Amino acid sequence: MDDKEKLISILKRIDGRGYKAYLDLKGNYDFGLFSLTIKHVQRDPFASPSLLQVNVYNNSFPAELYENITRKIALEDYISRAFRKGVNNSATSRQGSGKSGILLIDCGNQEILQRSSVNISEDKLELRFQLGLPARGRRIMGNEAQKILIKILPEIVFASCFYENLPAEEVNNHVKSFEDAEYLRSQLEGEGLVAFIADGSILPRESGVSSKPLPGAVTFKSPTTLRVSLKTIQDEIVTGMGIPEGVNLIVGGGYHGKSTLLRAVELGVYNHIPGDGRELVITRADAVKIRAEDGRRVEKVDVKSFIHHPPGMGDTSRFSTENASGSTSQATNIIEALEAGSRLLLFDEDTSATNFMIRDERMQRLVSKDKEPITPFIDRVDELYQEQGVSSVLVMGGSGDYFQKADTVIMMDHYQPYNVTVEARKVADEMPLNRRRESRGKFTYKERYPHPESIKPDKGKRLKLDSKGVNQLVIGPEFVDLSQVEQLVESSQTRAIGYALYQFSKSREDSLKRKSNICEVLDYLETKMNQEGLDFLAPPGRSQPHNLSKPRRYEIAAAMNRLRTLRVDS
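Residues are numbered in this note's numbering as their position in the sequence shown, beginning at 1, plus a constant of 6.
Some hints could be false.
Calculated pairs, BS3-like style, for lysine-lysine (alpha carbon to alpha carbon, straight line, at most 27 Å) [what the hints assert, rightly or not]:
1. K227 to K237
2. K512 to K45
3. K452 to K306
4. K10 to K91
5. K306 to K12
6. K521 to K32
7. K91 to K78
8. K12 to K45
9. K32 to K45
10. K452 to K375
11. K32 to K467
12. K26 to K45
13. K306 to K375
14. K32 to K157
15. K130 to K91
16. K157 to K10
17. K91 to K45
18. K45 to K375
19. K45 to K474
20. K78 to K182
21. K521 to K182
Hint data in this document are derived by calculation from the structure and do not stem from the laboratory.
As the structure is a computational prediction, the values presented were derived from the model and not from experiment.
With the hints as constraints, model all of the structure from the sequences given.
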């Protein structure tokens, strides 16, 4: 390993030369309390920034802060945020062309996720980040690079990677908050709940493009008849609204907070940073948001429990299309979520196909069942819970037909919840529905067995895996639209999904040599990520990943199912 004086001498030697001379920087440099590895050097100032790694040996963080995987994830997340804060507070200046001077680390937004950018162990603390090596035009700015690498970067490392230089209370609170959320989530099933919203939570967000809390928002207060008490890992009592298993409706007038509550429940599958307002909004980990998705591809999905012999579509037990309608896409999304292992489905009428959700008595009289291939969700929702153990939470402000199906009805009024289950049942009794139940036979679906070779991550002879923001996955020659997969929160998750699909496409594990169904594939990927971390996802010959965050199995399945190349057996 060279010392930093060698790095300085190289920078002086290549100052003013063509940009490719920066390749001479590749290597390891000793900075005393830490080492710097320049792993990959960009070939152009306009290209993706260079990849660097810092190793802090004999890390000073107390071992109890990372003694288990829960605490480790939280501490690593905190360190990545502290590094970004150090970058923002530093004297770095974006002088030069292209991406000159830019310092980037993957640390996310409001959600705390397992990341590949930081890894802490007993022996060392490892950070992976990017730096745009500075140039004017395509000529190296050696003095500016020296300022960043020799002066500014060590200051950021010392400020963010040494426990004694960090606010201990803030570090501990970050870890404790994450641990409390995980502990509360572990209690939900035993308490017969699918979600918990703590009193005092702040659900509204700042804007449609900001996930920060809305200043001055009304804080959440649970109705007494739905109030439950849970314990944190330190035995502190937390009160809030428990949403029970079964069929749950969220009703109320427009702009009173129905969708805001549902959105908080959707994202309650993740834990949030202190100060977010949703730190103790906790949802069961298997919750999946279901919506209509016109135009999506479907590959041999068994939707016969919802769609039966539509004209010109043939056997719907192996339904395929390149351009799904609203109702067929929503039926498909339900089956695919169940295939992936979900037993908690979330719906908002605003993003659902009306003809899939309801079919009233008048329509039944006018359009007879023999002319209607769709079995509406209202005729399956109770069966799904009673026979399959699948709970539902539905925002339904425009139709009372679901009252007779609901186990719990929550009304939102000026952003406050009220338990109106008794009132809703009274309305249902006084105004009984005369519509006929239209479900045919028991709810079933066939398992599907994906072909690994149908996932094509190569473009020509080159592996191509990336994300274009949160909503688009690039895998080989294909751009996969994930804009309607609403529980993705970071582009680094989307990127990790691409790497996970690559690993499945190339897998030679004994567990996947035989034909595996989709749930087994997801089990395999999830187990590998849990055992080996996100480094498992890196293709052979590539650097350890620096910009991945852990995706859920449900979003991996969603991306796989939207691949235009996917082929399955069923």
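Hint check:
Restraint check for K227 and K237: satisfied, since their Cα atoms lie roughly 18 Å apart, inside the 27 Å limit. Restraint check: the Cα-Cα separation between K512 and K45 comes to about 25 Å, which is no more than 27 Å; the hinted pair holds. For the proposed pair K452 and K306, the alpha carbon gap of about 10 Å is at most 27 Å, so the pair holds. The hinted pair formed by K10 and K91 meets the criterion: a straight-line CA distance of about 25 Å does not exceed 27 Å.
Taken as a hint, the K306 and K12 pair is broken in the structure, with Cα atoms around 60 Å apart against an allowance of 27 Å. Annotation: proposed proximity of K521 to K32 is violated, straight-line Cα distance about 44 Å (limit 27 Å). Restraint check for K91 and K78: the C-alpha separation of about 20 Å stays at or below 27 Å, so the hint holds. For the proposed pair K12 and K45, the alpha carbon gap of about 16 Å is at most 27 Å, so the pair holds.
A C-alpha spacing of about 6 Å is found between K32 and K45, which places the hinted pair at or below 27 Å, so the restraint holds. Between K452 and K375 the CA atoms are separated by roughly 25 Å; this keeps the pair inside 27 Å, and the hint holds. For the suggested pair K32 and K467, the alpha carbons sit about 26 Å apart, so the restraint of at most 27 Å is met. Note on K26 and K45: the hinted pairing holds, with a Cα-Cα distance of about 15 Å set against a maximum of 27 Å.
For the given pair, K306 sits about 25 Å from K375 by alpha-carbon distance, which is consistent with the 27 Å threshold. For the given pair, K32 sits about 19 Å from K157 by alpha-carbon distance, which is consistent with the 27 Å threshold. Between the alpha carbons of K130 and K91 the distance comes to roughly 21 Å, so the proposed pair stays at or under 27 Å and holds. Proposed proximity of K157 and K10 is supported: the alpha carbons are some 11 Å apart, at most 27 Å.
A threshold of 27 Å between alpha carbons decides the hint, and for K91 with K45 the separation of about 23 Å falls inside it, so the pair holds. With a C-alpha separation of about 65 Å, the suggested pairing of K45 with K375 is violated against the 27 Å cut-off. Between K45 and K474 the alpha-carbon distance is near 24 Å, which keeps this suggested pair within the 27 Å criterion. Between the alpha carbons of K78 and K182 the distance comes to roughly 11 Å, so the proposed pair stays at or under 27 Å and holds.
Among the hinted pairs, K521 with K182 is inconsistent with the structure: their alpha-carbon atoms are about 42 Å apart, more than 27 Å.
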